[in-house]
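Asks: Each chain, letter by letter, is given below.
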Amino acid sequence: MAAVILADVRPRYLSCGDTAFTVEFGNEIAPGINARVMALHAAIAARQAEGGLTGLVETVPTMRSLMVTYDPLATTRAALQPAIDALVGDGPAARLAGRRVRVPCCYEGEDFAPDLADVAARAKLSPAEVVERHLASAFTVYVLGFMPGLAYVAGLDPTLYLPRRSEPRVRVPRSSVAIAMDMTTIYPFESPGGWHLIGRTPLRLFDQRRQHPVLLAPGDRLVFERIDRAAFSRLDARVTEGTLDWTDLIEAA
Amino acid sequence: MTAHLLVRRAGLFDTFQDLGRIGFMALGMPTAGAMDRVGLRLANALAGNPADTAALELGVMGPELEVQAASLRVGLVGPITADLVDNPDASPVRLESDRSHLLKHGQILRLGMIDGTSTAYLAASGGFALPAFMGSRSTYSRAGVGGYEGRKLAAGDRLPLALASAPVRDELRLAAPFDYGSGPIRVVLGPQEDYFTEAGIAAFLGGPYRVSREADRMGIRLEGPKIEHAKGADIISDGIAPGAIQVPGAGQPIVMLADRQTVGGYPKIATVASVDLPRLGRALPGAEFRFSAVSVEEAETLRAEQEGRIARAIAGLVVARPPGGIDTARLYDSNLIDGVVFEATPTSPRRSAR
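Protein chains in written order, with our numbering: chain A, 1 to 253; chain B, 1001 to 1354.
Same shape as in the complex, but just chain A (with noise of 0.2 Å):
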């Protein structure tokens, strides 16, 4: 019943400048605000493969908004917007049948885990409190974004919501696995990020040498497992190696 009050309502239009904008359906993570999202990008699909849209570049889609990206020399917004306008609740909207992926998560050492004892300080749980909720939290990943393969994934237990850190760090390293508001992630690359750091994995979210280098996708489920550094070891050197089952992690949906 939430999703037909939601279908009534008409997004938000924000200006990213003159070569984006973006459609709000909502200021919440919520199935039914994401499954509007996944329909108009779908939507805006289909309209450009039939040779509509022109100007359009490519669309975004977030938890909760689609941003458009346009060229401002083939098209305008005063053009563009209503266009995408009139497919707003056009489309069915998008039921992912996800796979479930066990994460073996390695949660000890101030190299893989520097956030923990602070998380656990501000959450008033000790760390080890800290990792049984994150590893009983029913995960799934919504959407990927920020960077090739990075997936925000929700369903963290609501006793360790957090915001991000005031001052993101300038290098959080490969495989981090993090926590911010109701949300977990998984950093493919060593990159910047404003995440409390709570443990690493073997596994790497993005590889090259891989026939599909994303390794997960919108609507999977994740279990994490813990491991200690010893396994985290062996893990890694089969990862690096290119010699690891990835079968054995993942079941079809």
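Keep in mind the hints are simulated off the structure, nothing from the lab.
Be aware that a few hints might be false.
To be clear about the criterion: a stretch of chain A counts as covered by chain B if any three or more of its residues have a C-beta under 8 Å from a C-beta of chain B, and this derived list gives those stretches [as the list claims (entries may be wrong)]: (1) 9 to 23; (2) 27 to 41; (3) 51 to 65; (4) 72 to 84; (5) 149 to 157; (6) 187 to 195.
Ideal Cβ placement from N, Cα and C applies to all residues, glycine included.
Start from chain A and add chain B according to the hints.
Replies: Quick look at chain B alone, frame taken from chain A:
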């Protein structure tokens, strides 16, 4: 060995870039591409290439390159010091920038410091023979994809050329260095201007902001008046357009550039108008900017006007004289502009003052 450029010494940050990797942001793939699309296009025009051909983007200091091809024409754009030598012990001939040059087998092109900005371009006639990844040759070094082995250049790299020798043709130069404009950087407020107080927006538009040392292809952190948030510094992540200005909790803005992530969770107070993005892409640490707000329609008009100026600069390329010769056309232009009578004494060519 096929025709190539040998990297004898790498510059500080040399990467191949074209106009970007378009269409994969939904997988989280940043567009990358030239930090200064104007400079890239002019370099390609000087080299006789289509606008989207991948060229070397040079950051702060350029590399030393040896020509391993029968001949090679390059288009060089930006205020960079360039010397040509016939062999490692020969005395150098200074090359002007903002023009094309015909290089011969075995010659060494020594590219030095870029003066006053961060970015210059070197295009090769016919382009470089590099594989495309997801439709583009732009280097995105964080993922190790595109360009030459997905990374910046290193000594010993052999950069494959598409042509074994340069087509016969006059050398060309820009009639004048391209005017990137001065004055405030134009921005469109939003997408999250409602996350800031009136005082916060006034501080942002009051400035000035200085480019910090944390400036790279991903973005540049600015230092200046603190921008006050109205309802926290966290949003549910949404898309990041080129030039988006996000403001983390500490209240100091970050302008997101070519290698920016596709989505992010800090509120974005404004977005740099595309006309002024190349100025940010060329900015060095220490540079100071103010911002002024324009509407979407004004930003679109400014961009169209800039495209007209780029098209006129390309249509107005003039024949250049070989290095060491007297560029009478340029002297003549100078006389027309400033009314000074020049004596035709042979001097070594030098870049025009900026």
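Asks: If a hint holds in the structure, say so; if it doesn't, say that too.
Replies: Consistency of the hints with the structure:
1. 9 to 23: holds (count 9)
2. 27 to 41: That given contact holds, which follows from 4 residues of the segment 27 to 41 of chain A lying within Cβ reach (below 8 Å) of chain B.
3. 51 to 65: holds (count 9)
4. 72 to 84: holds (count 5)
5. 149 to 157: Satisfied; 3 residues make the cut.
6. 187 to 195: holds (count 6)
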